[in-house]
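Colleague: Quick note, the sequences are listed as chains A and B, same order. Those letters in the first sequence? Residues 24 to 452, per this note's numbering, in order. Those letters in the second sequence? Residues 3 to 592, per this note's numbering, in order.
Calculated directly from the structure, the hints in this document are not laboratory data. A hint or two may mislead.
What the hints assert, rightly or not - Listed next, the in silico DSSO-like pairs over lysine-lysine satisfying Cα-Cα at most 30 Å (straight line):
(1) 523(B) to 509(B)
(2) 48(B) to 297(A)
(3) 523(B) to 473(B)
(4) 57(B) to 297(A)
(5) 381(A) to 133(B)
(6) 183(A) to 16(B)
(7) 96(B) to 115(B)
(8) 297(A) to 146(B)
(9) 89(A) to 141(B)
(10) 84(B) to 141(B)
(11) 16(B) to 57(B)
(12) 175(A) to 16(B)
(13) 48(B) to 381(A)
(14) 378(B) to 413(B)
(15) 523(B) to 244(B)
(16) 146(B) to 178(A)
Stated by the list, open to error - Quick partial rundown of chain A residues pointing at chain B, CB under 10 Å, derived from the structure:
(17) 183
(18) 286
(19) 349
As the structure is a computational prediction, the values presented were derived from the model and not from experiment. Yeah, the Cβ is synthetic: ideal placement off N, Cα and C, and Gly gets one too.
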Amino acid sequence: MHPRTVRRPVSRSQQAESPTSRRHRPDYWLVMLCAAMVGVGLIVVYSISPALSAASGVSNSHYITKQLIAIGFAFMAFVATSQIPLPVWRKFVKPMLAFAALATVVALIMPVNPDYPAHRWVRLGSFSFQSVEFVKFALLFALAGFLAARAKANKLDDFKSTLRPLIIALVVVGLFIAGPQSIRAQSDLGSMGVMIAMFGTMCFVAGVNMKRLVLIGGLIAILAALVILPSAYRRDRVATFLHPAANCQDSGYQACQALIAVGSGGLSGLGLGKSVQAYGYLPQAANDSIFAIYAEKFGFIGTVALLALLLTFFARMKSIVERAPDDFSRLLVSGVLAWLSVQSLINIGAMIGVLPLKGITLPFISYGGTSIVFVTAAVGLVFQVSRYTVHTVPRVSNESVGKKGKSYDDSRDRRRLRGAYHPDLGSRL
Amino acid sequence: MALPNINSAVTGVKRVRIWYGFVVVVMLIFGVRLFYVQVIRYDYYKTAALSDQLKQYEVPARRGVIKAHDGDGLLPLVLNQKLYTLYADPTYVKNNQNVALKLSAIIGVDANKLQGQLATKDTRYVILAKKLTPEQNTKILALKFPGIGSSAIDYRTYPQGSLAGQLLGFVDADGGGQYGVEQSLNTQLKGKSGLLKAITDASGVPLAASSGNIQTPPQNGKDVVLTVDLAMQQQLETILAKGVTDTKATGGSAVILDTSNGAVKAMANYPSYDPGNYATVENPSTFQNAAVSYPIEIGSIMKSLTTAAAIDQGVIKPNTSYYDPSFFMVDSFRISNIEEDGGAGQRTIADILNLSLNTGATWELMQMGGGEINLKARTAWNTYLTKHYLFGQPTGIEQGYEAAGYIPGPKENGAGIDLTYANTAFGQAMTATPIQFAGALSAMINGGTYYQPHLVESMINGTQTVMAAPKILATNVVSAGTSQAMIPLMQNVVQKHNFNVRFDQTKYTVGGKTGTAQIAKPGGGYEDNEFNGTYAGFVGGDKPQYVIVVFVDKPKVSNGAYAGTAAAQPIFGDLAHMLINDSYVSPKSR
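Extracted from the complex, chain A is given alone in its bound form:
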């Protein structure tokens, strides 16, 4: 297939399954929104740098320098994921999965930093990253490829060949990522939640039968309860979530201080350089709790603006999903959408006291190299897909097109309408 030389209309089937739609102008809004959020994060991290460096005893420019370096890496990752064609990436799904597995195992084996006693980090000298971000990234490709193939084979709802492997994969991942620290797993429920959302959303968008999805969702809920209940610190977190004020001095300290930061921001905020909670009151001020610091600085006006920014960003992704040239890229983008949106919701929800605390970052905005590099890389994939989106959104199922009583208005194939177009009467024939 040589789309540049053979100029002929692309058939519907080809259009739907292969990334051979015409390359066009990508969605630059995606990049601008992404850059805007990275910028917001950078400003917040910069403005609380004095507090952060005072607490950890490093130079004033330490945090901002590290973040700028991370943004540099993030830019390179973005270039890689947006320029290396998706088919190439797809070829490396297995090596990627293998690497993610290896990184996870290394993180579990490595001695832990006493400051963060979870087996979540891979450390190579001064360079370190969270293995779970690799897992998310590799799973994204693996799932999109798998689901696209099952859909093509029309076996999406086949339990044996589709759902069972998915459930097994989810259980294996869950064992390592969400398993308790007592079995030397990462005990990272936040990331597990994000991955479950990715699994679920991708299956959902792929078209897996709703009843089955609900059934599996119920099973996961039961499993989650079984995982949460034996772990004392998770029970604490749930109890804290239910009674935040009662636990302000111990287990609920961070939740309380986050709410105080958000609430004391008021309508218009204390101002950029005026955050007090960053000075030792709110733990993880630059990472997991950055939304609360942002809310303290910029107030209700600022938080609503940030939510709007996120929603606009997700809306761009949604419209790319709608116009995706094929199943694989559609699933890939919906996976990214699920990842970023759920991670944002879990993070913000915890800061405003509507969800229990999870140790995950706010995409783009939180300080932290691994988060920003992988989140930006994911956006790079979406950006690449946006080059190949089709012009219109498919709205009506194929069977109904041309059937009695159905208009062609909603049909995807406009050529028929064009053929019937009358200069005086328009399309209303």
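Given the coordinates of chain A, work out where chain B should sit on it, guided by the hints.
Modeller: For chain B alone, coordinates are given in the frame of chain A:
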């Protein structure tokens, strides 16, 4: 199904819209929640934030330093030094063993002990060490261990060591002045602490960025300049210590007072203590400056004042002679002299002082009553004691715990009052402190002006120096003529007594009076074998410049010797020679 992929595309579009709708709904809920938290409940969270963030601090005022004269300049006697208390919040301390080892290397406390303290789980404040130097503190803070902090506390330091320790007093752990100048001038030295209300970080350090900090600056304490001459003080302490230990006395006090203004140039007791190590003092009475706080029956040095009072009243003349019967019966009690003074015979006023005749002092008191001890005599003498010489009341010198001493009233004590008064004429049956006697003698010898004995020359409030004008407590204590007449009478005493090195009265004016005081027993009567030795005198050129008063408690003197002559007089002699040799007094101009 021919074209399943279109199907899946349409389903995908539908479902991704459902997903996006879900995200929008959750975001809307978040928006509502944010409106509730940030707008509706703003006041609640603002209050909660301030209750954590807004802290009120006392900003300590700097305690005034104390200086004293050294030649033409001033030297500090008491300074402040910031020393640091090292504490830990065990809940934040990580890697106890490493922290304990590193701290141990700096502060020299056993690492195991530190590790034990760091492992304490039921407290959030453990004091690891006190009085760390700024260097140690800087080293520790440079380690940046979480949960380890220090706080600066001003401690008093004493560049001159224990010099003038009892004069100075000390500052206790709560910042209160105890004893001496520190107690007496506590308010002025302490100043007034300021107040700081500020938004702080979690560890309590005020944030510079936060506005609305309220601050009342502290008013630092005033610096005090003492009248004391450090070199003279040093000599006095050495001489006194030697004198007391030579005679195996239980203690002693000495005062040098400037007759022209009442300024104390040197004052000390033995034994004393080092205020820098006040906590190691076992006997709290050592804290007392006995020269102002320990009144005793002063003995025969009183005869100088009795004689002056009698001359001043005109009832005797300096050159009067009288017949001494060698004893008087007063209230059927026999007042007699010591055996060496011989029997009855004609005596002069000079003899009364030189030979220390009890009968002579009693005779002088009788002259005040027209020839006998009666109410007139008692009232006249009591007026001199309390209104002229100001005994029986504190002088008001800037020292803690000054004692008033005791003078019996002229109508007290019923039948025995005449005997009591006869005793007061030679310094028994009354009590006074060395500083009281120095003040009175100074007034008697300087022409009759009683200057308040004082230690503070000036106070410095920031850049403003306020001189303390000498305060006159009484004038015409005795007439100028009486004063003039008393000088040679007391010089005569010095001349007639043995000093290791004699005084050249042609160049200097040196006069004195010994005293050997009986010690009252708690149950009444006097001790048989224990006496206090006292000496009071003056040194000067054209006129007396300094008054010296020496008290020695219970010296062990050889048989037949008298405590005043054997124990107190040599100390006076050494002090007087010191004043002459070190040019504190200027020789006679003619």
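Colleague: Regarding the pair residue 297(A) and residue 146(B), is the alpha-carbon distance no greater than 30 Å?
Modeller: OK: residue 297(A) and residue 146(B) at ~25 Å, within 30 Å.
Colleague: Please verify whether residue 523(B) and residue 244(B) have alpha carbons no more than 30 Å apart.
Modeller: It holds: about 28 Å lies between the C-alpha atoms, which stays within 30 Å.
Colleague: What's the verdict on residue 378(B) and residue 413(B), does the C-alpha distance respect the 30 Å limit or exceed it?
Modeller: Cα-Cα ~11 Å, so holds.
Colleague: Answer holds if the nearest beta-carbon of chain B is closer than 10 Å to that of residue 183(A); otherwise answer violated.
Modeller: Since the shortest Cβ distance to chain B is 19 Å, the answer is violated.
Colleague: Within a Cα-Cα threshold of 30 Å, do residue 89(A) and residue 141(B) meet the stated pairing?
Modeller: holds, 28 Å
Colleague: Regarding the pair residue 96(B) and residue 115(B), is the alpha-carbon distance no greater than 30 Å?
Modeller: Between residue 96(B) and residue 115(B) the Cα gap is close to 16 Å, so the pair holds against 30 Å.
Colleague: Would the hint linking residue 381(A) and residue 133(B) be met if the CA-CA limit is 30 Å?
Modeller: violated, 45 Å
Colleague: CA of residue 146(B) to CA of residue 178(A), is that 30 Å or under?
Modeller: Distance of about 61 Å is beyond 30 Å: violated.
Colleague: Given the hint that residue 523(B) pairs with residue 509(B), test it: the Cα-Cα distance must not exceed 30 Å.
Modeller: violated, 44 Å
Colleague: Regarding the pair residue 523(B) and residue 473(B), is the alpha-carbon distance no greater than 30 Å?
Modeller: violated, 37 Å
Colleague: CA of residue 57(B) to CA of residue 297(A), is that 30 Å or under?
Modeller: holds, 17 Å
Colleague: If you draw a straight line from the CA of residue 183(A) to the CA of residue 16(B), is it 30 Å or shorter?
Modeller: holds, 26 Å
Hint violations for this structure: numbers 1, 3, 5, 11, 16, 17, all remaining hints satisfied.
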